[in-house]
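**Q** Sequence:
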Amino acid sequence: MRLLDTRSFELAEFVDNVPKYAILSHTWGAEEVLFDDLQGGGRPSTGAGWAKVKGACDLARSRGFAWIWIDTCCINKTSSAELSEAINSMFKWYQLAEVCFVHLADVGWHAHSASCSEKDDEQIRSSRWFTRGWTLQELLAPRRVEFYSGGRWRLIATRAELGAVITSATTIESDYLNNRPLHTASVAQRMSWASRRQTTRVEDTAYSLLGIFGVNMPLIYGEGDRAFQRLQEAVIRQIDDPSIFVWGSISDLEDPLRKSISSRSLREPLLAPGPDSFEKSGDVIPFWMPGVESRLHLDHNGITITTPLLKQRPSNGWTRAGTELFLAPLQCRQKSEPLDCIALYLWGETSGTLEMNYSRASKLLVTVPKTVWLDGALSSAFIRFMAGQHRYRLGSGFERGCIVRSVPKGYRVVEVYPKIDDFKIRSSIVPFEERIKESYGLSYPAILLLEGTSADPKLALVLQFQYLSRQDGSATEPSFVGSPEWMINRVVIMPKDKSIKEVAGTVRSDAKRWTADEVRKMTNSTMRPRKDSLSSHPPSELKLCSKFEVTVSQHQAYGPKLFLVDVKDPSAENESVEARIEGEFQLSRRSEQK
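Residue numbers (the numbering used here): 514 to 1107.
Among the hints, a few may not be true.
Keeping only pairs whose Cα atoms sit at most 20 Å apart, straight-line, the calculated SDA-like set for lysine to any residue is [stated by the list, open to error]:
(1) 922 / 1064
(2) 932 / 1017
(3) 922 / 938
(4) 824 / 1064
(5) 590 / 618
(6) 590 / 730
Calculated from the structure, these hints are not laboratory results. In this text, all values refer to a predicted model and were calculated from it rather than measured experimentally.
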């Protein structure tokens, strides 16, 4: 790499033993100092570009750095080979710098602090620096980033100090601003960070993201949008993450917009035309399903995925001969939808051959239950484009806690204790609670206040995790496993004179008072709710609601530590938050594969 001497303003090349250096991040403007300007002892003395170079050198020298890297003058852009090498190495150069100085040319100075006004923060958020494609890697790659004002080069704040402001300007989560490895973010999430950024040359939209994804590829200026296609292919070779296909709108099967898909011969490219297509995909994460191997295989003209294909049921609708509509579930989901996964619409065409070829039918994506991955027959679907390199396997792991999957129609959760911010019955997971030490394996309770119509009494759903005792005949006191293995739940009629916090207090008192035998009576040896669990329920001042049935279950698709709670009225309609595939699509069951 080539570095600039901060005293003499002379350039020097280093192959090995690169000295410590600072690095500059900025937006290009008029009169920039280029490589040729510093040849033969040249040193421009005027112009905004020279003032910026001198200011950066003065700052670096004051911080004890003899060398600095500045893109405008440290790269000979007339050499295509050097330019290609520099762009493929740039993320690493920013990573290895001791400090990155960010020059916000359009921001006046103010020392950022807790007392800063919203107007000051808005001035920073509105800086042109946050809109440019190249500055994304310059924000994320360095170990330390410092922001300086335009003009006098006065320190505004460090990246860590500006975390909340940067997150609001870029949608990048604070962890990644504090040196969390970028490979732990999904492909869709990283693409979303670039969705609102711009570059002068269309190819740089792709080239500026090489370091963000840890890939390399040759630069071909003049290829236009093809550069972004090549980037995505390079990412697929390196990273096993199907979220790369999640661009467009996500809905459920009830969305009226998707009805139009069956009646049109739509075709969409499998890969996105640009990062702006991922603007709404920042919350998409991959997941890992035990016992299911689903890798992406790249060919010269398409991609093969493994998926439990759902075929559209026969109808009176019109489609071309030899063409069928499918859903292809992907091993990725939205963070807010822990029970569901995202699926692509695919057209399947036989074209007189036995092998089905698939193409993407729509930008629209839908959610289906995760369980299809274990209940359905897995198929290989070639959609349009071999992977020998090491790939990262991304996954969010299994959730821990419980989720209320269904409630009687007309009822909603209006209050939760302990408080869960922005609680939504569809997506909020009630976390594990600690065991009440004086109880026989029961946890501190979570209380959900259920409200129906004005004529219905208010009800409280009591959720308690159960820690199982270890079988140790030599111990005088029972010991319990380290995490819950089941739940004991019930619906009680809400006392008119109590808050849900007070109800939680009563539940705690009951748990301390109930004997081991009384707790055991509420579950049987197979850990399934007893049919007579209500009649055998230990005494409590809280009155049980016998109208509703409360069951607990688990499914391998959701992992060993997520409990599914269903509250149902046997005599009425109930609502489930899990996506459904009833109707025109049917799943080929694994048992049907012979």
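**Q** Run every hint past the structure and note whether it holds.
**A** Do the hints match the structure? See the list:
{"no.": "1", "hint": "922 / 1064", "in the structure": "holds (17 Å)"}
{"no.": "2", "hint": "932 / 1017", "in the structure": "holds (12 Å)"}
{"no.": "3", "hint": "922 / 938", "in the structure": "holds (13 Å)"}
{"no.": "4", "hint": "824 / 1064", "in the structure": "violated (32 Å)"}
{"no.": "5", "hint": "590 / 618", "in the structure": "violated (23 Å)"}
{"no.": "6", "hint": "590 / 730", "in the structure": "holds (18 Å)"}
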